[in-house]
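Listed here are the chains, written in short residue letters.
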Amino acid sequence: MQSLYWRKQKTSQSILKWAWRQKWTMLLMVAGLYQFGGGLYLYAKAQFAQYLIGHAWQASLQDGGPHRPWPWADTYPVAELSIKGHQWYVLAGANARNLAFAPTHLSASALPAKPGNSIIVGHRDTQFSALKSLQVGDVIMATNLTQQQTYQISSIRIADQTQLKFMQFSEDEPENSPATPLSEAVPSLTLVTCYPFDSVLPNPTLRYVIRAVASQTTALNDPA
Amino acid sequence: MWPVVKLAGILCVVSAMGALQYAKPPVIQAQSSINGSAPAIDQQPAVITLPANTGSWQVADPYLAKRGSLYFSPSDTDPPPVYRASLGLNTQVEIHVTGMVARTQVRQTFKNDQDLWQNALYVFPLPENAAVDHMQMQVGERVIEGQIKEKQQAKKIFEAAKKTGKKASLVEQQRPNMFSNHIANIAPGEQITVTIEYQQTLAFQQGKYSLRFPMTITPRYMPSNKHHLADADGRADPLAAEPDDTLAQAVVAPVETHPDDVTNESAAYHHKAEDLDLQVYLHAGVALEQIDSAYHRIVSQIESTGLYHIQLAEQTLANRDFELSWQPKLSQRVQVSHFQQQFNQQTYGLIMIYPPQDLHSSAALNQDRELIFVLDTSGSMTGESIIQAKQALLLALDELSVHDTFNVIEFNSTAQRLWPTSQAAEAEWLQEARSFIENLSANGGTEMAGALSLALEQRLPQGQNDRLKQVIFITDGSVGNENTLMQLIQQQLGDARLFTVGIGSAPNSYFMSEAAQTGKGTYTYIGAVSEVKDKMLSLLQKLAHPALTDINVRFNGQRLDMLAQLESYPRTMTDLYLGEPLILSYEQTLPAQNTQAAVSTDALSLHGRFQQAPWQQQLTASTLQKQAGLNVLWARQKITQLSRDLRTITMDSSDADRAKDIQQSITDIALTHHLVSQFTSLVAVDISPSKPAHLMSVDTLVKNRAPLNNPLLGQLPQTATTADLQMLVGLILLGIALCNLFIGANRKRLKAY
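Chains as they are written, first to last, in our numbering: chain A, 17 to 240; chain B, 2 to 754.
No lab work stands behind these hints: they were computed from the structure. Ideal Cβ positions, reconstructed from N, Cα and C, are used throughout, including at glycine.
Where chain A lies over chain B, by a calculated footprint (3+ residues, C-beta under 8 Å):
id: 1; segment: 441-452
id: 2; segment: 499-507
id: 3; segment: 725-738
Just need the whole structure built from these sequences, with the hints factored in.
What follows is the structure, given as structure tokens:
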């Protein structure tokens, strides 16, 4: 009994000793796990949040009002996007906190599937990393609480973060240019994410801007 | 010792990987493959001086024109066409200024002085906030006239013209604020007369109005600049999506650095070629302190009461833009000017209210105020936003005067105020407020309604009821119930004024400017921490000096907004602050029989509160001719208002019928008043009498300036995370740790041998 106790004591002592001898390695290990875990956490957050947001969205479709995905959230889902097999819920308000969970809608722009240009911003590392595989002509479907709208990608470009003109309704653009001009009367969708993709550096100044123009609107059947 | 060396080694590896990311070439290649339409700069024909005694010269890009110009190109050039600038034989400019509305008519004559048939391109650089609404081009017998058409129809006309195979009728690229139109098939020796009209609203800055008319000649180059030019472009960021801008700078720069050369050269031409006549009819509505022209000598004379007629004193070389500025003589009192104009049997009016002059001498202007600061501390404000907001708020506290009282309200899921009633801006209260603000952090939901009613409802203590209540609302405005909030503001506003301050990368500017309008205040956008100070100070400065409050216009004693036959914009009058005149524009529908009588009566009066006492003034109108463009001003303001309504409807409900109605009335107004709008375009139609009326060159025009209809977006949020970087660094560290362990174990085994 005593010997067992001693052995235990001895083992834990020797582990401590060993750990002390290897202190640099241990330090590296802990730092490595911390960093890796931090990165993983961001992905996990983006993955898991979509489930909760999905629930809130279903609830919104039922009663037509906004629902928070989790009780302390400061946002609610406004639309659902599906592109080439990907499906995302879009949160209201494009701030850093919301972006960590899902693509977000710029509140100053029109709602998806409504007339006017709707701007949706997403993280290039999580959901919107899929944007790099999109091409001109691809079809995007957006659903808000009352309507469904099909869009077709009309242009893809890279812009500096200050070049907001690519996202605004503008009369300056010639009518027959390949990039169809935005109009207040026709629904259009602008998806924005950081560029370059696959870079590990944070805070790039370039943005990848995809513009899609309405091809077909259908009213959703009244869920009630 | 050696673990330290190892650690250093690891850091080297990590930073080397970081450095690799900065290597841009792969990025650039990726970009050019995606954005195939990026113009190749090298192919731009570089430019070109011609012998100084010919009347035309070649240019790189006609859209870089600094003034109204006509460019000829031989009829059958496939791209890239060569454009040759042609100096006008004769230019006549007539500018009518009414209050702050300037309407300009430009008439230019050009001649095809080559012995061949040519096409031409006319360009005119417009001032900001202006759109050409009338246009006529006469080429020999042909008359091409600008007509306002509904967008769809305009497009059809354009398509039809395209099908007839008129090469020259294609729209080329257009720059912002550049009017352009093509004219095809101009015979040798034929004259072209171009007439355009545009209207702009002048800004009142530092006590002055200023008006600019472009006269600088189009830049030219020594061919030796070509190399230099390509060089500059090579270095410019190829990712900037508008490489033309850099080109433009490169092209203009040499001209500006040697102004004398240009002057001498252009003198050579202008001496025989240019004949420029510029007349300004200035009807300011108030007495003027002085009239100045920055670069040209002018002669001004008074034609009739309040009407100045300004002309160029001598034939001038067109190497500088014409810039005229005038300074209204402000007095110690509020001044009002009133203009009327007939159009289509309706009367259109413009009322301008000028604040008193003095900022500091009249202490009576400093009205006692109650300031309520409302700060959004919801989760969406996390990070940079809350830092900016707190900074703005602390700055505002520093600016309070001893006469003011104040309170602070913060809200997220619930709203709470610092004190039950407002306190005087004395040291101890200020100190308490500061520490309250510093301890705030962002979390929770955005329940704005509670905070708004707390701010608006708060009753003043007895005896302080004449204090002017100003609510300063700092938020990013991410709310879903916009309409409910607007109603709440409308119902509870009372005598208070609501000033919204937008914070963060993408605040809901639409909601906030709308809320400020309903709250008779203004909206300020702060995009970065560095802007906080300037923007907040100018807002607070302004708020401290309200000159005239509770302004309303009455018609025979009745409030204007209650009357059916008078339709005025803006719908709610804000207060008058020092340094910023206010305008109101209205349309008066008159019963057909007593038109004369109704116009001549001075039934309009202006009411308000000046220095805390009721104030009123009868309005005497000065009637003007049609050129004044008051109807255009009214129509533009109405369209702006309708566009806001439209946005409200499409945002909050899917009332498609009402949206259609509004769209229809915007179109109708634009068609009646000959205006370019979001639903109408200006189309050039050939209305030649001699030939069958077929369609010619069709250029849809320039813009309604974006800010009118478009909520500001602010700045794009950052959309990259550190996830990948973190995981990478983590993996590297783990790998090294494992290697270390492995090596250590091996070494022990070796030692054991």
